[in-house]
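The listed protein sequences correspond, in order, to chains A and B.
The working numbering applies: residue 1 is where the first sequence begins, and numbers increase by one.
The working numbering applies: residue 1 is where the second sequence begins, and numbers increase by one.
Since the hints were derived computationally from the structure, they do not count as laboratory data.
Careful: at least some of the hints might be erroneous.
Claimed, not checked - Only pairs whose alpha carbons sit at most 25 Å apart, straight line, appear in this in silico PhoX-like list of lysine-lysine: (1) LYS240/B to LYS295/A; (2) LYS290/A to LYS251/B; (3) LYS325/B to LYS122/A; (4) LYS303/A to LYS234/B; (5) LYS240/B to LYS251/B; (6) LYS234/B to LYS354/B; (7) LYS333/B to LYS178/B; (8) LYS290/A to LYS236/A; (9) LYS290/A to LYS226/B; (10) LYS289/A to LYS333/B; (11) LYS289/A to LYS354/B; (12) LYS251/B to LYS226/B; (13) LYS226/B to LYS54/B.
What the hints assert, rightly or not - Away from chain A, derived, C-beta distances all over 12 Å, residues of chain B: (14) SER197; (15) LEU224; (16) THR228.
Said to hold, decoys possible - Quick list of the computed label-pair ranges, beta carbon to beta carbon: (17) VAL18/B to LYS289/A: 42 to 52 Å; (18) LYS290/A to THR228/B: 36 to 46 Å; (19) LEU69/A to LYS226/B: 30 to 40 Å; (20) ARG252/B to ALA293/A: 20 to 30 Å; (21) ASN364/B to LEU69/A: 48 to 58 Å; (22) SER12/B to ALA80/A: 33 to 43 Å; (23) GLU42/B to VAL282/A: 17 to 27 Å; (24) SER288/A to ALA287/B: 21 to 31 Å.
Predicted model only: the values in this text are computed from it and were never measured.
Idealized CB from N, CA, C, for every residue including glycine.
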Amino acid sequence: MLFLLLKYTLLYTVVLMMVALGGMFSERSGIINIALEGIMVIGGLAGVVAIQFIPATWNVVAIVLFSTLAAALAGMVYAALLAFASINLNADQTIGGTALNMLATALAMVIAKGVNGSASAKLDYSNRAFIYDIGPLTVNAFLFIGLVALAVSTFVLYRTRLGLRLRACGEHPQAADSVGINVYKMRYIGVLISGVLGGIGGMAYIIPSVSSWNFEVGVSGAGFLALAVMIFGQWKPMRIFLAAIFFALFKSLANIASSTVLASLNWTQNMYNMIPFIASMVILAFTSKKSRAPKAEGVPYDKGSR
Amino acid sequence: MDKKRSFSLGSSEAFISVAASLVCIAIGLALGLVVLAIINAEHAFGDGLLVILKSGLQSPRNMGTVLANTAPLIMTGLSVGFAFKTGLFNIGAAGQYTLGAFGALYCAIVLHLPWYLCLLAAMALGALWGAIPGIFKAYLNINEVITAIMFNWIGLYMVNDIMYGRGQGAMYDLSSTKTYSLRKVSPGSMIPSCGMSDLFGKLQSVTIAIFIAILFAIAVYVVLNKTTFGYELKACGFNKNAAQYAGINDKRNIILSMTIAGALAGVGAGLYYLSTVAEWNPQVSTALPAMGFNGISSALLACSNPIGTIFSSLFISYITVGGTKLSTQYYTKEIADVITAIIIYLCAFSLLFKNRIRALLRANRRSTEALKGGEE
């Protein structure tokens, strides 16, 4: 039972952390990415479809690598739509993101039904390649991918020239431009990274836990939860990691509550589902005075303005 | 002279907005055709796009379905648009709509109240759910988008939990796995049809709801454009600091506009469920009601103009109903959602279209003026 809790907590931690890290890269470069939910849906769909098309005779590692690559690519392409609208066309970033969220669910259902050739948006797939048993504990391939993503993200953001430039564009793009940094390019990089991480995160949410997914529900708010994780994590990788663990714990309790001692509390699943959202509001309320978002986020960069 | 010029400028501005929206719609439909062609090229036009564009008018019943879905959409569109006008993004319309549905259905199924009281309850609960992001924004400076998103889900889980009540909820009908049908348990709580359903092929869900929604649209228009209160709200949206400097209480106004926006969305749910367009399903509703998010589409397409919202809502319901009439042999009904979403994506940068159209108009005017000058 404890192992079950651990299994789900690990699963959700990785998902929320990766997607929130993606959001962090985008917002640190100055673009609000509310489309994380939609990116997750598209990435998840691409991953699932890829698994269906890859012959099952392939090597396990190859299956994992190729399907994850498909999810990452799909997420990146989809995020490019956000980048195009908000960087090239100076569109309102929140509205563009909302439109992409709506488009993602509709598009995913159309594609899923097309792949199925039926009126159901439910796709079946095998997730055997992704799940390993270590003693009594079940872990999935995304745990390793997630940990690598965390380490690389921290390194890139704080220890490389790219990271420094990216952060500069989110804080004071005019200053960054004045020393020769291409603000548009940096913001594109930020949004595309968020697409890669969001796409993989969407796949990590769908594949390890069940072996069929109905795309009618999208990813049922996980992308928005990741957004809260990012804010709670104050746009910093390690804090995002800790925030993700906290949120994941509550989300897992919802899954296993009925089969544990918690059942005596007589709470319904809906109540557990509510807790992460309530918790994030309470935490936001207490930390809002100290909260510091990237200064220039949400503002289209205009070369001419001072 | 001066007055005349400002008038003509105003109307040309409205013309530009309408033109920009029409450009969005045209491109959206064209891209929709591309999607249809990718799925099944042979039938894309005749069995695809034409069906979406024609079905809504094909029979009185279809027209009735369009109207029944338009009424709540106008309300959620007004909700989002009203908030936009006051500088706030109400992404929480879906949650406010959910609470409104609960209020309306509780008063109808459990308390058997007359329809106008049920509608009032829907309004009150929607207003409450709208006020919360307003309060968080005004006193804690938390972005209303974040709060609204969180409370969308909190509201959804809460309402589902109460309605389902482990299968024994007072409003839950075990045999249909949805809330009880108002037509059977509380006909007195249904919004009266006043002969509307006879006009539209005896479709029971066509009621005076559409007129109520239009009245609300006019009321919102008047409040925003003809009253001091509306002016103050808009002033806060344009420039919070300037409004504060002019002696406007910005905290109060933020909360008030979110409350009103929530009330409008709540009424939308009331109009939908009290017209018995559908019943609420608390068990599989793991997704927020689409009506709330479509309100964003409707408001954006109308550039947040309350009167324009009536027409944009009509259009969105029209193509959504058209989508359901697609032959399942070739296509799925979500194609219509794809088209709507593409249109909204385009709306996000409608400013660009507007500038293009403005430049075109100016070039036109200059050339005609040049011609005139030549004649003289």
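If you test the structure against every hint from before, which numbers come out violated? 4, 9, 10, 11, 13, 19 and 23
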